[in-house]
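Residue numbers (my numbering), protein chains in the order written: chain A, 7 to 344; chain B, 7 to 344.
Hints in this document: simulated from the structure, not taken from any laboratory.
Quantities reported herein were computed from a predicted structural model and do not represent experimental measurements.
Please note that the accuracy of each hint is not assured.
Copies of the same chain look alike in the list, so a pair counts if it works inside one copy or between any two.
[Claimed, not checked] Below, simulated PhoX-like cross-link-like pairs (lysine-lysine); rule was C-alpha separation at most 20 Å, straight line:
id : residue 1 : residue 2
1  : LYS182    : LYS12
2  : LYS184    : LYS299
3  : LYS80     : LYS9
4  : LYS257    : LYS12
5  : LYS59     : LYS299
6  : LYS9      : LYS182
7  : LYS67     : LYS307
8  : LYS299    : LYS55
9  : LYS307    : LYS251
10 : LYS9      : LYS19
11 : LYS80     : LYS12
12 : LYS184    : LYS80
13 : LYS19     : LYS8
14 : LYS182    : LYS59
15 : LYS63     : LYS51
16 : LYS244    : LYS308
17 : LYS19     : LYS182
18 : LYS67     : LYS80
19 : LYS300    : LYS184
20 : LYS19     : LYS308
21 : LYS55     : LYS80
22 : LYS9      : LYS251
2 protein chains.
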Amino acid sequence: MKKLGKQTYELSKPISIIAGYGLVGRKEGEGPLKNYFDDIENDDKMGEKTFEKAERKMFYKATSAVIRSAELSKEDIDLYVGGDLMNQLVSSNYVAENLQLPFLGLYNACATMTESFIVGSTFLETGGPSNVLCATGSHFSAAERQYRYPLEFGNQRQSYAQWTVTGVGASVISTKQKSSVRITKFAIGRVTDFGITDIANMGAAMAPAAMETLSTFFEETNTNQEDYDLIATGDLGKLGSDILKDLMAEKGYDLETNYIDCGHMIFNIDQDTMQGGSGAGCSASVFNSYILKKLQTGEFKKVLLISTGALMSTTTNQQGDSIPCIAHLVMFEGGVQC
Amino acid sequence: MKKLGKQTYELSKPISIIAGYGLVGRKEGEGPLKNYFDDIENDDKMGEKTFEKAERKMFYKATSAVIRSAELSKEDIDLYVGGDLMNQLVSSNYVAENLQLPFLGLYNACATMTESFIVGSTFLETGGPSNVLCATGSHFSAAERQYRYPLEFGNQRQSYAQWTVTGVGASVISTKQKSSVRITKFAIGRVTDFGITDIANMGAAMAPAAMETLSTFFEETNTNQEDYDLIATGDLGKLGSDILKDLMAEKGYDLETNYIDCGHMIFNIDQDTMQGGSGAGCSASVFNSYILKKLQTGEFKKVLLISTGALMSTTTNQQGDSIPCIAHLVMFEGGVQC
Numbered sequence: 007m008k009k010l011g012k013q014t015y016e017l018s019k020p021i022s023i024i025a026g027y028g029l030v031g032r033k034e035g036e037g038p039l040k041n042y043f044d045d046i047e048n049d050d051k052m053g054e055k056t057f058e059k060a061e062r063k064m065f066y067k068a069t070s071a072v073i074r075s076a077e078l079s080k081e082d083i084d085l086y087v088g089g090d091l092m093n094q095l096v097s098s099n100y101v102a103e104n105l106q107l108p109f110l111g112l113y114n115a116c117a118t119m120t121e122s123f124i125v126g127s128t129f130l131e132t133g134g135p136s137n138v139l140c141a142t143g144s145h146f147s148a149a150e151r152q153y154r155y156p157l158e159f160g161n162q163r164q165s166y167a168q169w170t171v172t173g174v175g176a177s178v179i180s181t182k183q184k185s186s187v188r189i190t191k192f193a194i195g196r197v198t199d200f201g202i203t204d205i206a207n208m209g210a211a212m213a214p215a216a217m218e219t220l221s222t223f224f225e226e227t228n229t230n231q232e233d234y235d236l237i238a239t240g241d242l243g244k245l246g247s248d249i250l251k252d253l254m255a256e257k258g259y260d261l262e263t264n265y266i267d268c269g270h271m272i273f274n275i276d277q278d279t280m281q282g283g284s285g286a287g288c289s290a291s292v293f294n295s296y297i298l299k300k301l302q303t304g305e306f307k308k309v310l311l312i313s314t315g316a317l318m319s320t321t322t323n324q325q326g327d328s329i330p331c332i333a334h335l336v337m338f339e340g341g342v343q344c
Numbered sequence: 007m008k009k010l011g012k013q014t015y016e017l018s019k020p021i022s023i024i025a026g027y028g029l030v031g032r033k034e035g036e037g038p039l040k041n042y043f044d045d046i047e048n049d050d051k052m053g054e055k056t057f058e059k060a061e062r063k064m065f066y067k068a069t070s071a072v073i074r075s076a077e078l079s080k081e082d083i084d085l086y087v088g089g090d091l092m093n094q095l096v097s098s099n100y101v102a103e104n105l106q107l108p109f110l111g112l113y114n115a116c117a118t119m120t121e122s123f124i125v126g127s128t129f130l131e132t133g134g135p136s137n138v139l140c141a142t143g144s145h146f147s148a149a150e151r152q153y154r155y156p157l158e159f160g161n162q163r164q165s166y167a168q169w170t171v172t173g174v175g176a177s178v179i180s181t182k183q184k185s186s187v188r189i190t191k192f193a194i195g196r197v198t199d200f201g202i203t204d205i206a207n208m209g210a211a212m213a214p215a216a217m218e219t220l221s222t223f224f225e226e227t228n229t230n231q232e233d234y235d236l237i238a239t240g241d242l243g244k245l246g247s248d249i250l251k252d253l254m255a256e257k258g259y260d261l262e263t264n265y266i267d268c269g270h271m272i273f274n275i276d277q278d279t280m281q282g283g284s285g286a287g288c289s290a291s292v293f294n295s296y297i298l299k300k301l302q303t304g305e306f307k308k309v310l311l312i313s314t315g316a317l318m319s320t321t322t323n324q325q326g327d328s329i330p331c332i333a334h335l336v337m338f339e340g341g342v343q344c
């Protein structure tokens, strides 16, 4: 692949997304994107005893479904890359054990879906593996008690807070089979830290990371917002995406017309999620349903997905440290002739 | 790169390790490998207020030192890959922020050093980046309180327990510059779970993962232990490496002559670490000092490093789940003519 700048690379092989699967929970399934998701789980625990076991079950279901949807068996998959928000990426590890696939655990918080596409397509680019499974997800109730408070505590949510998406997005990417959707370029994020220490205010923490990656990508590809049908950030929420628009405007880029945030669009305003969705499952499930379907039909021809991650450690946060953030960008082309 | 089997790949480009740096704490610096380490830190807190901040400082020091040792500046490094044992890989993220390099966070627990070499060399193989920084580490006191008990609790250690290594190993790998040490093959691990639920008994949990990866590599490359000067596992400790020897003997492979375990050899028996060292910093620091130096001189010509990781989530462990484990293998060739 070709290095276009410090952060941006252009793939030389055609890397096709041959299947995508977006599975979400009930609340997400009642939002504006309900008709796009492949599966909606109404039981938050999916019949399991704990939220963590439910998260794992979502992963089992989505990864098995996407492999079936690609008309492959798990023996055809050469490599599984991905992660989740649970400490030690334990959901992904149980799934890797279940699938018995070679596995590389990735973690960049809510930027893990684009990180998976970046690592997966780089492996495909070498000509070594032919089919790679990428999957990422999160579960509201499991994440809340790990990162903030147990639900039983009943804490009041801040007006600038976001709601961790219960959902898993999974994709099979391939050089062996072709599809109308390709991964063509990516930009690897740099960690930015703007001094935010409030673990509820993730949009403000992550917006500078998104700005850094997106503006660098524009510079290194000599393009701007007008060259794309859609620019989607992962989970900045309403507040964070407003901050991003301001930051990009300062750099001379206008995000008023073709920009969305997956977290902002996954919930309706009357669903009481404050600024919208967040979590590794947010951009993963929205990309693998809403965005992917429109790339497949050719309604979107060029899309940039910038998943945003807040590397929010409760330990270092309690020690007064601010929240480092990262954003990885992947460029997709849709409606491609096979 | 060429796929040799389900898990094994052969690199086609010469990927050189142009610098390595092994930094450890005082206890490790009093062990049998003391003359090999590049730096020994006598203060467990390195002048910081907390163990977590000390871990971060070790990373700053080792990554800066390895870049200097490669006679490069940080602007010459295209990509930083790696992780640590802290939740959210927070030490690595702060270092990535400090270095301002494109960063991909990796997590396979104590198998993260070999995972970094695998991902880093795959990126180099594409011809995109030219110099990649790989780094992994751990800190005894930070890890103990996150995974088991705070030190102040003063719990009695089990006879089969291991001691998390305080140390960081960092390497710069390159296609642009050549050295006498190359990464030539690797095998990506599969997650195995043999039902161990005791968070102190990591050697027993991880030995089957090491067996699975090593025996698969032997099969897929049509080689056996006699084809290598050294076979080193990451941190099985004495008990775990004895289990591995038994498991490999059952498969027809004899590990009695040229096999070591980094965890077993990093401490002396009178240092009260029970079965020896563990942690992401264990194979990272031992490889980047002892093993790398002997590859550079050509004393070792072919080495297999199999870092072993226990994906030990305290949450799922308390829910009765067993510990999934993984092992990634990297093959190095030393004394190569540049």
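Here is how each hint holds up against the structure:
1. LYS182 x LYS12: between (30 Å within a copy, 16 Å between copies)
2. LYS184 x LYS299: Answer is within; shortest intra-copy Cα gap is 16 Å, inter-copy 46 Å.
3. LYS80 x LYS9: Close across copies (17 Å), not inside one copy (33 Å); limit 20 Å.
4. LYS257 x LYS12: Cα proximity of LYS257 and LYS12: one copy only (18 Å, versus 47 Å across).
5. LYS59 x LYS299: neither (29 Å within a copy, 45 Å between copies)
6. LYS9 x LYS182: between (24 Å within a copy, 14 Å between copies)
7. LYS67 x LYS307: neither (29 Å within a copy, 46 Å between copies)
8. LYS299 x LYS55: neither (34 Å within a copy, 51 Å between copies)
9. LYS307 x LYS251: neither (22 Å within a copy, 55 Å between copies)
10. LYS9 x LYS19: both (14 Å within a copy, 17 Å between copies)
11. LYS80 x LYS12: For LYS80 and LYS12, the Cα distance is within 20 Å only across copies (12 Å; inside one copy 36 Å).
12. LYS184 x LYS80: So LYS184 and LYS80 pass the 20 Å test inside one copy only (18 Å; across, 39 Å).
13. LYS19 x LYS8: Both. Shortest intra-copy (11 Å) and inter-copy (16 Å) distances satisfy the 20 Å Cα cut-off.
14. LYS182 x LYS59: Close neither inside one copy (34 Å) nor across copies (46 Å); limit 20 Å.
15. LYS63 x LYS51: For LYS63 and LYS51, only the intra-copy Cα distance (9 Å) is at most 20 Å; the inter-copy one is 41 Å.
16. LYS244 x LYS308: neither (23 Å within a copy, 55 Å between copies)
17. LYS19 x LYS182: So LYS19 and LYS182 pass the 20 Å test inside one copy only (11 Å; across, 23 Å).
18. LYS67 x LYS80: Result: close within a single copy only, 13 Å intra versus 43 Å inter.
19. LYS300 x LYS184: within (17 Å within a copy, 46 Å between copies)
20. LYS19 x LYS308: This pair counts as within: shortest intra-copy Cα distance 17 Å, inter-copy 33 Å.
21. LYS55 x LYS80: Close neither inside one copy (28 Å) nor across copies (49 Å); limit 20 Å.
22. LYS9 x LYS251: neither (27 Å within a copy, 45 Å between copies)
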